[in-house]
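Engineer: Heads up: the protein sequence lines correspond to chains A and B, in order. Quick note: the first sequence uses the working numbering, first residue 1, plus one each step. Quick note: the second sequence uses the working numbering, first residue 472, plus one each step.
Honestly, the hints are just simulated from the structure, not real lab data. Wrong hints could be hidden among the right ones.
[Stated by the list, open to error] According to the in silico footprint, chain B covers these stretches of chain A (three or more CB under 8 Å from chain B):
| id | region |
| --- | --- |
| 1 | 42-53 |
| 2 | 72-84 |
| 3 | 244-258 |
No experiment lies behind these values; they were computed from the predicted model shown. For each residue, glycine too, the CB sits at the ideal point set by N, CA and C.
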Amino acid sequence: MSTTWETVVGLEIHVQLKTRTKMFCRCAAGYGAGENTRTCPVCLGFPGALPVMNRTAVEWTVKLGLALGCEIAPRAVFARKNYFYPDLPKGYQISQYDKPSCEKGNMIVPMPDGELEIGIVRAHLEEDAAKTVHMGGHSGRIGGAEYSLVDYNRGGTPLLEIVTAPDIHSSEEAKRFLLLLRQTVVELGISDAEMEKGTLRVDANVSVRPAGSDELRTRCEIKNMNSFNYIARGIDAEAARQVAIWESGGEVKQETFDFDAGTGTLTPRRSKEEADDYRYFPEPDLVPVEPSAEMIERLRGELTETPAARVVRLGLDLDLERALVLVTGGLDGLYAATVAAGADRLAASNVIANNLVGAGVDPAAVDAAELAKLVAARERIPRVAFDEAIARSGDPDFSADPFLAQEVVSDASELDPVIDAIIAANPGQVAAFRGGKEGLLGFFVGQVMKETGGQADPRAVSEIVRAKLLG
Amino acid sequence: MIDTLRLTAEGALALIESREVTSAELHAAYVAAAGARDEELHAYLRLVDAAEGTGVPIALKDVISTKGVETTAGSKILAGYVPVFDATVAARCKAAGMPIIGKTNTDEFAMGSSTENSAYGPSFNPWDPTRVPGGSGGGTAAAVSGGLAPWGLGSDTGGSIKQPSALCGNVGLRPTYGTVSRFGVVAFASSLDQVGPVAKTVRDVALLYSIIAGRDENDSTTVELPEIVELPTAETLAGVRIGIPKQVWDLAGIEPGVRASFETAIETARSLGAEIGECDLPLSFDYGMACYYLIAPAEASSNLARFDGVRYGPRVDAPTYREMVEQTRDAGFGDEPKRRIMLGTYALSAGYYDAFYGQAQRVRTLLMREHRAALDAFDLIATPTSPTVAFPVGERAADPLAMYACDVMTIPSCLAGLPGLNIPSGLSEGLPVGLQLIGPQFGENALFRAGYALECAIGFDTVPERLR
Numbered sequence: 001m002s003t004t005w006e007t008v009v010g011l012e013i014h015v016q017l018k019t020r021t022k023m024f025c026r027c028a029a030g031y032g033a034g035e036n037t038r039t040c041p042v043c044l045g046f047p048g049a050l051p052v053m054n055r056t057a058v059e060w061t062v063k064l065g066l067a068l069g070c071e072i073a074p075r076a077v078f079a080r081k082n083y084f085y086p087d088l089p090k091g092y093q094i095s096q097y098d099k100p101s102c103e104k105g106n107m108i109v110p111m112p113d114g115e116l117e118i119g120i121v122r123a124h125l126e127e128d129a130a131k132t133v134h135m136g137g138h139s140g141r142i143g144g145a146e147y148s149l150v151d152y153n154r155g156g157t158p159l160l161e162i163v164t165a166p167d168i169h170s171s172e173e174a175k176r177f178l179l180l181l182r183q184t185v186v187e188l189g190i191s192d193a194e195m196e197k198g199t200l201r202v203d204a205n206v207s208v209r210p211a212g213s214d215e216l217r218t219r220c221e222i223k224n225m226n227s228f229n230y231i232a233r234g235i236d237a238e239a240a241r242q243v244a245i246w247e248s249g250g251e252v253k254q255e256t257f258d259f260d261a262g263t264g265t266l267t268p269r270r271s272k273e274e275a276d277d278y279r280y281f282p283e284p285d286l287v288p289v290e291p292s293a294e295m296i297e298r299l300r301g302e303l304t305e306t307p308a309a310r311v312v313r314l315g316l317d318l319d320l321e322r323a324l325v326l327v328t329g330g331l332d333g334l335y336a337a338t339v340a341a342g343a344d345r346l347a348a349s350n351v352i353a354n355n356l357v358g359a360g361v362d363p364a365a366v367d368a369a370e371l372a373k374l375v376a377a378r379e380r381i382p383r384v385a386f387d388e389a390i391a392r393s394g395d396p397d398f399s400a401d402p403f404l405a406q407e408v409v410s411d412a413s414e415l416d417p418v419i420d421a422i423i424a425a426n427p428g429q430v431a432a433f434r435g436g437k438e439g440l441l442g443f444f445v446g447q448v449m450k451e452t453g454g455q456a457d458p459r460a461v462s463e464i465v466r467a468k469l470l471g
Numbered sequence: 472m473i474d475t476l477r478l479t480a481e482g483a484l485a486l487i488e489s490r491e492v493t494s495a496e497l498h499a500a501y502v503a504a505a506g507a508r509d510e511e512l513h514a515y516l517r518l519v520d521a522a523e524g525t526g527v528p529i530a531l532k533d534v535i536s537t538k539g540v541e542t543t544a545g546s547k548i549l550a551g552y553v554p555v556f557d558a559t560v561a562a563r564c565k566a567a568g569m570p571i572i573g574k575t576n577t578d579e580f581a582m583g584s585s586t587e588n589s590a591y592g593p594s595f596n597p598w599d600p601t602r603v604p605g606g607s608g609g610g611t612a613a614a615v616s617g618g619l620a621p622w623g624l625g626s627d628t629g630g631s632i633k634q635p636s637a638l639c640g641n642v643g644l645r646p647t648y649g650t651v652s653r654f655g656v657v658a659f660a661s662s663l664d665q666v667g668p669v670a671k672t673v674r675d676v677a678l679l680y681s682i683i684a685g686r687d688e689n690d691s692t693t694v695e696l697p698e699i700v701e702l703p704t705a706e707t708l709a710g711v712r713i714g715i716p717k718q719v720w721d722l723a724g725i726e727p728g729v730r731a732s733f734e735t736a737i738e739t740a741r742s743l744g745a746e747i748g749e750c751d752l753p754l755s756f757d758y759g760m761a762c763y764y765l766i767a768p769a770e771a772s773s774n775l776a777r778f779d780g781v782r783y784g785p786r787v788d789a790p791t792y793r794e795m796v797e798q799t800r801d802a803g804f805g806d807e808p809k810r811r812i813m814l815g816t817y818a819l820s821a822g823y824y825d826a827f828y829g830q831a832q833r834v835r836t837l838l839m840r841e842h843r844a845a846l847d848a849f850d851l852i853a854t855p856t857s858p859t860v861a862f863p864v865g866e867r868a869a870d871p872l873a874m875y876a877c878d879v880m881t882i883p884s885c886l887a888g889l890p891g892l893n894i895p896s897g898l899s900e901g902l903p904v905g906l907q908l909i910g911p912q913f914g915e916n917a918l919f920r921a922g923y924a925l926e927c928a929i930g931f932d933t934v935p936e937r938l939r
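Given only the sequences and the hints, what does the whole structure look like? Please build it.
Structural biologist: Encoded structure:
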């Protein structure tokens with residue numbers, strides 16, 4: 001009898017905050033400057049330089065904590081995490097450790113079979129390391145490289161680390177959670193959260209266990225996945241690897257893997273010679289973070305309905321998957337406004353999720369009232385007119401009216417005379433069609449469309465032509 | 472003729488204000504004095520020949536970053552390091568018009584009590600150059616005492632201002648933690664380090680303190696002073712309650728001459744109207760040293776991690792990053808920093824943290840409470856600053872524990888974050904003895920008043936006898 005296995009996943013998410021300046025100095029944060037130009041004695045770890053906390057980063061951390069339903073620590077403490085690495089100029093990273101700003105939150109993830117609650121163990125603030133480029137080796141890693149270059153521009157950028165409970169049981173759940181978390185962060189305006197730019201980074205801790213059991217077996221960590229789809233594939237690959245080990249009577253060892261999305265393979269990272277001992281202790285150069293009750297209440301007041309809650313609500317009207325697409329695509333605001341302007345729900349969701357996104361239109365630029373007119377008219381007006389109208393719906397001062405005027409002609413009483421004239425003018429083609437060349441139907445439809453200046457409804461024309469020729 | 476041995480900072484300021492001398496002439500006089508006497512004293516690691524300013528010149532301990540002037544903290548690992556920015560205290564001195572005479576010698580990273588741990592060789596006591604000037608701020612103390620600077624800045628972690636001031640016959644203040652910026656001061660133990668003034672008189676110390684103290688937005692642990700600094704004028708101690716920890720009388724290792732000078736100073740205080748009583752600091756005397764030698768090395772082990780040869784300072788090239796860092800640090804650090812890095816690394820290690828660093832922090836809290844209780848009953852606490860007068864060069868250099876014992880009475884109030892003032896109380900065997908006055912948090916003005924009254928009554932001649 002074969003065991004059924006359950007996957008157990010906990011995620012560690014790093015979100016780079018888009019504050020104007022770095023976490024502990026006044027250097028500009030963000031991309032786009034020459035190497036090592038956004039540096040100062042503080043973020044380069046010069047002797048005597050001291051950190052000064054970025055108040056905005058602290059506020060944003062609290063804000064995210066509130067959005068995730070966390071308890072906000074009245075007194076959070078930064079600690080030093082000590083280790084040597086060239087991307088760490090002080091020889092320690094300043095990070096909240098045993099007293100983080102946010103703890104014990106959760107997020108509801110709507111799934112087809114019900115709502116899944118994923119616990120947020122903690123969300124804490126830290127500084128990012130600098131960027132190291134290893135030159136001359138084949139692997140791009142420090143081992144085997146001839147030399148390494150360090151760009152300290154990124155060093156000291158504020159980073160939020162969010163740790164989930166091991167409440168995730170499939171790659172699909174992980175992906176949905178991440179989509180909703182990302183959308184939450186983006187809507188709070190605290191990060192662009194783009195995986196390809198590294199402003200959102202995800203590590204997954206994966207283990208498996210016999211279904212129905214509540215044990216936690218040895219877990220492995222997978223890193224280096226730069227899209228949600230790769231994360232999902234990485235989790236599946238690692239779970240499958242572990243199941244195979246357990247089923248063959250082996251034992252899973254705690255390891256860290258890089259996932260290569262190209263080949264779908266997991267490569268173990270070189271294990272360290274000694275166990276990590278970061279010698280954490282409270283950072284004596286900073287004072288504790290003590291957010292005032294007023295600040296917490298002000299931030300709480302600024303919160304809007306979370307993406308997860310909106311998916312649940314929209315899911316009552318629409319297909320859940322469609323609701324998810326709308327919300328995580330930042331489209332549900334336009335959807336709601338379009339429906340409010342009178343559009344049919346399903347039609348509006350189709351037009352927004354498919355046509356509008358397909359045309360690359362910025363949903364924020366679209367006038368919902370005009371869009372509602374287009375949604376209502378989309379069966380009525382010529383296809384070309386509809387597509388053009390959608391493509392231009394984000395233009396300033398866009399009006400749907402000129403496009404709505406281009407009605408299709410599908411009324412048989414209007415089409416009959418035109419079609420009869422074309423049949424009469426093309427006796428050869430008529431004979432060929434009747435002789436079995438059914439492909440000629442398109443010829444007749446084309447002629448009608450040409451004659452009507454594209455205003456005829458091609459489906460109606462095609463039916464009428466067929467009936468007349470065969471009738 | 473400028474008598475650099477006798478001239479106080481206040482006196483120098485008066486000369487400048489009456490246009491009898493210029494700031495540049497004063498600066499030249501001190502540089503010339505250094506040229507004449509510093510071969511013997513080695514108070515300075517380097518002189519600043521062309522400093523700008525309009526005020527009284529100053530000497531800065533070499534842990535204080537000075538823009539464009541090499542700053543080594545007495546260590547080979549910072550040889551050739553020239554800061555691109557001024558420490559806040561250096562900037563405040565410059566803003567007050569003070570030209571810098573030079574950077575003074577220090578035990579490496581301010582770790583020591585004799586300056587013998589300086590990678591650039593020890594300084595010597597102006598009262599007797601066969602003896603140490605104390606440490607870690609022995610360079611500043613020797614410079615002030617030897618007439619090579621009217622005043623200077625030191626840094627104090629467990630006694631590095633107070634103890635050398637005692638051994639060289641200077642007035643020195645270790646301020647309340649948080650009143651003076653540490654920005655730009657090469658860190659030893661961040662929760663203990665404080666910069667403070669050293670001078671010949673209490674009024675000079677108060678004046679310099681008023682220039683450097685106050686909130687600095689670059690140092691999160693600083694605060695605005697709750698009251699303005701007042702230059703003391705009254706020669707009375709009427710109504711001042713002074714507590715003497717009863718543990719002082721039983722402390723092993725206090726020299727008879729030091730004890731006698733201390734007793735005389737207490738009698739002088741009584742004659743000035745002070746109410747003398749006994750206070751109790753049992754934990755401070757029993758556990759202060761142990762507590763300090765866990766907390767300070769732990770923080771130091773982390774603070775010194777940045778010296779890796781990657782961005783500044785000398786580098787030993789090696790095939791890999793790890794080897795490069797290891798060999799750079801091995802070559803760059805002397806024995807004492809290495810010893811403290813090892814102690815501190817151990818104290819913070821997984822499995823030992825609670826027993827060592829964590830326990831030391833809890834003890835520190837108890838020491839704070841104990842001091843607070845004593846300072847509820849008394850306005851000030853008085854002890855000798857150092858158990859001994861200046862000891863011969865080399866006597867303790869090979870015995871770290873004997874060296875650490877120099878600070879047994881200066882350390883507890885440092886752990887409690889409290890201000891301490893050393894004033895000379897007299898001579899023993901021809902060498903200065905220091906009196907330590909400890910005040911409550913932000914109690915600097917009270918220290919200045921009491922110190923000034925005692926200073927006037929004691930009438931100590933700060934010029935070393937052999938140089939008069």
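Engineer: Could you run down the list of hints and mark each one as holding or not?
Structural biologist: Going down the list of hints, with the structure as the test:
By the rule of at least three residues with a Cβ nearer than 8 Å to a Cβ of chain B, the coverage given for the region 42-53 of chain A holds, with 10 such residues. Figure legend: the region 72-84 of chain A, annotated as covered by chain B; annotation consistent (3 residues with Cβ-Cβ distances under 8 Å, at least 3 required). Chain B is given as covering the region 244-258 of chain A, and this is violated because 0 residues of the stretch bring a CB closer than 8 Å to a CB of that chain, at least three being needed.
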